[in-house]
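Sequence lines, in order, name chains A and B.
What the first sequence shows, in this note's numbering, is residues 1 to 356, in sequence order.
What the second sequence shows, in this note's numbering, is residues 357 to 686, in sequence order.
Honestly, the hints are just simulated from the structure, not real lab data.
Just so it is clear, CB atoms sit at the ideal spot from N, CA and C, and this is done for glycine as well.
Any given hint could turn out to be false.
[Unchecked claim] With the C-beta cut set under 7 Å, the calculated list includes, among others, these residues of chain B facing chain A: (1) Leu-422; (2) Phe-461; (3) Ser-466; (4) Asp-521.
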Amino acid sequence: MADKASDPPPIQRVSEGQLPDPETAREWLSTMTLIRRFEERAGEMYTRAKIGGFLHLAIGEEAAVLGGARALSDRDWLISTYRSHGHAIARGTSPDAVMAELFGRATGCSGGRGGSMHLFDLQRRFMGGWGIVGGNIPIGAGFGLASSYRGNDEVTLCVFGDGATNQGTFAETMNLSALWRLPVVFLVTNNRYGMGTAIERHSAVTDLTRKGEGFGVEGMRCDGMDVLNTFETVSEAVAIARSEQRPILVEAMTYRFRGHSIADPQRYRTAEQVAEWKERDPIDSFATRLIEKGLLDQAAVEQIDATALAAAEAAVSFADSSPEPEPDSLYDNIYALGGEVNGQLSSNSPAAKENG
Amino acid sequence: MSELRYREALGRGLREELLRDDSVFLMGQDIGIFDGAFKVTEGLLDEFGERRVRDTPISENSIVGLGVGSAMLGLRPVVELMTINFSLLAMDQIVNHAAHIRYMFGGAVSVPMVIRMPQGAGNQLGPTHSHCFEAIYQHIPGLLVATPSTPADALGLLKSAIRDDNPVIFIEHESLYSKRGEVPDGEHIVPFGKAAIRREGDDLTIVGISRMAVVAEQAAERLAAEHGISAEVIDPRTLRPLDMETILASVAKTNRCLVVEEGWPHGGVGSNIAALVQEHGFDDLDGPVLRVTGADLPMPYSRPLEQLAFPHEQQVVDGALRTIGRVTAG
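Based on the sequences and whatever the hints tell you, model everything.
In structure tokens:
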């Protein structure tokens, strides 16, 4: 069954695209490299039991992560899944705060309450980090509803995997978003497996761009191994969502090089298939392209990698030296206190304040 | 004071909050053009328009989810689920998301939303449409739970719920919508966590939940008239937070306690209150805390069977007599 998923469907490129300016190109390569090195270090820390619970790495999917995130402006919202280390970093959350969250420390971006699956950074409008497959889809549409209700021009990018398209919330939310013309781009990171079940075995319709159409949501596809193509496609979708106030579904064709989580023997796919996709490594291929086009030289690429390695190492040091949450903070933040019954928003609710 | 029906008091509360705060809006099935399955939202679409009063498709989990997302960005959605039975379809959004978001994201955001829905048996709707689920919702940290039993409380608690920064499960009762009661004119707010003493008494404390607070009050009148027993009736009004102070003070006076609820007995509201009374007021008790509850079964359709399966005045009178030792149990 694994061989059925070995041939990616043809990519429908919206344009061949111009490479961005050198500064932007460098930033894209730097951030994708940082995400890669960060996740490699996180994987090592997991095997050393510095990190508990589950650890879902997106190694191989960095172009889909960054290309989508860079299509947003600072005022837009991004909501992701339990595989979201890269989304947080792409949005600007410091690797230190992300690694500290994985370590469960008080300095983590969710105060050590969420862990790997529940990262959060309101200030950068990175809105999680959600552990239930499909659970984030209506919540992302709720962000779109808030933007629409207030009449501003913010757009939400709601990311989920191919497996989530089989959840009831996917169908319900596609319908509601089209019905209410919500400014949301739904980005399906199609890595061809819902955990260990190949897309041909979990979805009757494998062309995921079609899965929203019956609900009135137009579909687009991009090459999720190509950061430029992903950026261009999602940018086009975001522009439509913003100007026409309607949802778009974008399918990013990608692949995760590691298992579903660290504890995954990967019996559902062949080593050949993994190797074939690794030849299209989104970071190496982008670096090669930049060198070929003369935007960077080999030394610069090596310097970018060294910087990323150092940042990942610094994040581990920061996390490891950060304090555990105080025992007497166990019951903090279950409820918002202090703002009840007076019509005032809580002082602990900056989102409310910022937008209210 | 004005006399209003329970449904009219709820409608007044929604209208006042819609007028007061533009971030408040309503979502639910048939709440607009249809005026609401129980007519609570009658006239609100005409007055406030489709931006504020939104008819939704039948998609409970996602309707609640959209509410959660919009609340995280500072809106104050009031989601109406047609009945509490359908809230089971939205359990993921209510428990995994609405209730836990504030905690799991380290306090960075709140979810100021209200989920309104009626519960209750007595209308021959069978096993899937007759549930009482206050015990399920009171179990979950992160949620607040209100169970108003009078028109005045329906208004005052709803206004508190809408203004609260936490997700509130607001449980109405199908059999109370037409009940009339005095409601104060002008701004009327009932805070969460303050029980109401519906009737003062010395011989035993009866704690009644949701509609059973009304039934307990009626039973107390019969206990006085027919048995010379003086029962104190307490309606906690909210189950999270739960005003144990008022219940324990009453038990300290009466030394006897009976809890009446319409839901199932295993792990019910009464189980919880009985545990708390014995933990915190054991020395005040002259006998065990007893319960009168709904029958431990799926609700039957048959009218006579259904009437046997949830508490009425008579069962509460009998339960009270057992509680004070007038009648041997069983």
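Evaluation of the provided hints:
no.	hint	in the structure
1	Leu-422	holds (4 Å)
2	Phe-461	holds (4 Å)
3	Ser-466	holds (4 Å)
4	Asp-521	holds (4 Å)
Checked against the numbered hints above, the structure violates none of them.
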